[in-house]
Amino acid sequence: MSHMSVVLNLKSHISELFAQALGVVAPEQDATILIERPKQVAHGDYSCNLAMQLAKPLRKSPRDIARALIDALPPSAVIEKVEIAGAGFINLFITKSAKQQIVHAVLHAGAGYGHIHQGQGRSVQVEFVSANPTGPLHVGHGRGAAVGDCLCNVLHAAGWKVTREFYYNDAGAQIENLMRSVQLRCKGITPDDPSWPEGGYRGDYINDVARAYMACETVEADDQHTTGRGDAEDTESIRHFAVAYLRREQDLDLRAFNVEFDVFSLESALYSEGKVEEVVSRLVASGHTYEQEGALWLRTTDFGDDKDRVMRKKDGGYTYFVPDVAYHLDKWRRGFVRVINEQGADHHSTITRVRAGLQALDVGIPAGWPDYVLHQMVTVLKNGEEVKISKRAGSYVTLRDLIDEVGCDATRYFLAARHPDSQLVFDIDLAKSKSNDNPVYYIQYAHARISTVLELWGGERLALLAADVSLLESPYEAELLQQLIDYPQVIESAAQDLAPHLIAFYLKELAAVFHSYYNASRFLVDDEAIKHARLALIAAAAQVMRNGLALLGIGAPEKM
RNA sequence: GUGCCCAUAGCUCAACCGGAUAGAGCACCAGCCUUCUAAGCUGGGGGUUACAGGUUCGAUUCCUGUUGGGCACACCA
0 MSHMSVVLNL KSHISELFAQ ALGVVAPEQD ATILIERPKQ VAHGDYSCNL AMQLAKPLRK
60 SPRDIARALI DALPPSAVIE KVEIAGAGFI NLFITKSAKQ QIVHAVLHAG AGYGHIHQGQ
120 GRSVQVEFVS ANPTGPLHVG HGRGAAVGDC LCNVLHAAGW KVTREFYYND AGAQIENLMR
180 SVQLRCKGIT PDDPSWPEGG YRGDYINDVA RAYMACETVE ADDQHTTGRG DAEDTESIRH
240 FAVAYLRREQ DLDLRAFNVE FDVFSLESAL YSEGKVEEVV SRLVASGHTY EQEGALWLRT
300 TDFGDDKDRV MRKKDGGYTY FVPDVAYHLD KWRRGFVRVI NEQGADHHST ITRVRAGLQA
360 LDVGIPAGWP DYVLHQMVTV LKNGEEVKIS KRAGSYVTLR DLIDEVGCDA TRYFLAARHP
420 DSQLVFDIDL AKSKSNDNPV YYIQYAHARI STVLELWGGE RLALLAADVS LLESPYEAEL
480 LQQLIDYPQV IESAAQDLAP HLIAFYLKEL AAVFHSYYNA SRFLVDDEAI KHARLALIAA
540 AAQVMRNGLA LLGIGAPEKM
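Numbering (numbering that gives the first Met the number 0), first residue to last: 0 to 559.
Watch out, some of these pointers could steer you wrong.
[As the list claims (entries may be wrong)] What follows is a set of in silico ranges between Cβ atoms, one per label pair, in the way DEER data are often shown:
no.	residue 1	residue 2	range
1	S194	A549	49 to 57 angstroms
2	R333	V40	45 to 53 angstroms
3	R391	A528	53 to 61 angstroms
4	R210	D403	20 to 28 angstroms
5	D361	Q291	21 to 29 angstroms
6	D420	K381	21 to 29 angstroms
7	S394	A549	30 to 38 angstroms
8	Q422	T31	26 to 34 angstroms
9	D496	D428	28 to 36 angstroms
10	T217	P193	33 to 41 angstroms
11	A344	E557	36 to 44 angstroms
12	F504	Q291	45 to 53 angstroms
13	S280	G303	20 to 28 angstroms
Calculated directly from the structure, the hints in this document are not laboratory data.
Just so you know, these numbers come straight off a predicted model, no measurement behind them.
Virtual Cβ for every residue (Gly too), placed ideally from N, Cα, C.
Model the full structure from these sequences, guided by the hints.
Take a look at the structure:
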């Protein structure tokens, strides 16, 4: 292995060294090798707890095992020294020169720095947003879009072949409801009228749809063109038009949010292509269904559900989870051994049902398939008070409202920067503020500062590839080097845990380390060798900032 | 009532699938611009990780229970 490629991922290099040592010391043990970055510098650059793990099975003292492991460790040019500490930690110190080499490794790898091979080119399909085409996207969809898209970027960087998919529930009761609401608006009836149905959609946008339909406008949504008939009695035509109109609106919202999908799947297509019927007959054939009180039930309790679920209602229609099962069978047949569904936690009850339906099909789908990432609710704050409505949608805050008010970058950052499991408070005033309170600007500012310095220098970037990085010796420089070294591990963790917020936290740290360095040092100094070394370092830092910001889908401005 | 998620500094949040003295930012206090962007930096105080047990060399992390908050409990999606 070349020196350069070792430097590109020090942690996995060390992990391999310990794997070999383990093979010598205790070949019959299959302990997991965990390499950590100690919090204290005195504990070295990396530490391994393998000896303590082995103490019990081997019935020896951890420190004796640690000694044996160290003796069996293959030689490596990047290791300065190895120590045993505490209860049996093995602490490794990396040579200064190996750390300095990260600068060249990053500059050579460019946009590819941080990419790892965890996925080994395997396919993963990520379904996210999947809003019903019954209105504009709301903040919750925005969180799904930000988390899902960032997750896709992370998985791609981790070596997965990613397909982004959006599923439109364009069939079923809510579409009927939409059609009815638009129809009433076509007839001039407003939501404050006593005759307005209980569950009717009340937002202003319904009136926009009705007006466009009556004006015989043409809507181009994705793959279809639909022209309004202007006939308030033609329910079929209103239905088509309304769905197309709102799909277009959602598409525009997503485009404004910088999110693109590879595949759009339609619930209506599952019906028209006979996939829903097929799933029903397969489930009946499986023996897990029964008829009761005029309905067809699936015995989901066979697969861990707390009660059985109706598949076909008395009125002959299917409940929503039947097409869901058909949809996921379709995903499986398309060859996606790994599927991740990003959804709001308010839909978590569907998980058991979908998985149960897939198990009942008995077609070889693993019990825990597919994976889910559920994000908790978002509340929006402005002037210290919760905002609950938007003018256009009425009952909820739209994604468009946020993008228009605080911008795409800040919206994406704040919606992706929290652990999906935690509830999120979106503070509009904070997201808007152009100050150090705002992490988005803090990070982007760091990048802009570097760009300015490099521009003032005005030299050939290629010259930096020849910089003598051994001149990078200050504590500030050491810290920045370490930060760059850590980047691939952040991607690994984020991909492993499906936790894109780790990227946001890493970037904040990277920016902080850089700002400190910037404040304490000068770059455009007289000594050419030192100048080149420092410029190479901050150019590498800027590269990593660009790479990380790209994962979040956020711009890296040259000037601010 | 049942299931899922959450609880860490005054506030907003981290903590590398059990590790060594639990970390940042904001706010508060005290400093730093004739110098490459002060949208920045330096220093300081601030904690029984909600509570009670358990598992072990070692727990914010895993298990049980309690309290508090969110979500879901349809022949709606």
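Hint-by-hint comparison with the structure:
In this structure, S194 and A549 meet the distance hint of 49 to 57 angstroms, their C-beta atoms being roughly 52 angstroms apart. Here the CB-CB span from R333 to V40 is close to 50 angstroms, well matched to the stated 45 to 53 angstroms. At roughly 60 angstroms, the beta-carbon separation of R391 and A528 lies within the given 53 to 61 angstroms, and the hint holds. Roughly 22 angstroms separates the CB atoms of R210 and D403, a value that falls within the hinted 20 to 28 angstroms.
A beta carbon spacing of about 22 angstroms between D361 and Q291 agrees with the range 21 to 29 angstroms that was offered as a hint. For the pair D420 and K381, the beta carbons lie near 25 angstroms from each other, so the given range of 21 to 29 angstroms is met. The given range of 30 to 38 angstroms is respected by S394 and A549, whose C-beta atoms sit roughly 35 angstroms from each other. For Q422 and T31, the Cβ-Cβ distance of about 33 angstroms falls inside the hinted range of 26 to 34 angstroms, so the restraint holds.
At about 31 angstroms, the beta-carbon gap between D496 and D428 stays in the expected band of 28 to 36 angstroms. For the pair T217 and P193, the beta carbons lie near 35 angstroms from each other, so the given range of 33 to 41 angstroms is met. The hint said 36 to 44 angstroms for the Cβ distance between A344 and E557, and at roughly 39 angstroms that hint holds. Between F504 and Q291, the C-beta spacing of about 52 angstroms keeps the proposed range 45 to 53 angstroms intact.
At roughly 24 angstroms, the beta-carbon separation of S280 and G303 lies within the given 20 to 28 angstroms, and the hint holds.
Of the hints listed earlier, there is not a single one the structure fails to meet.
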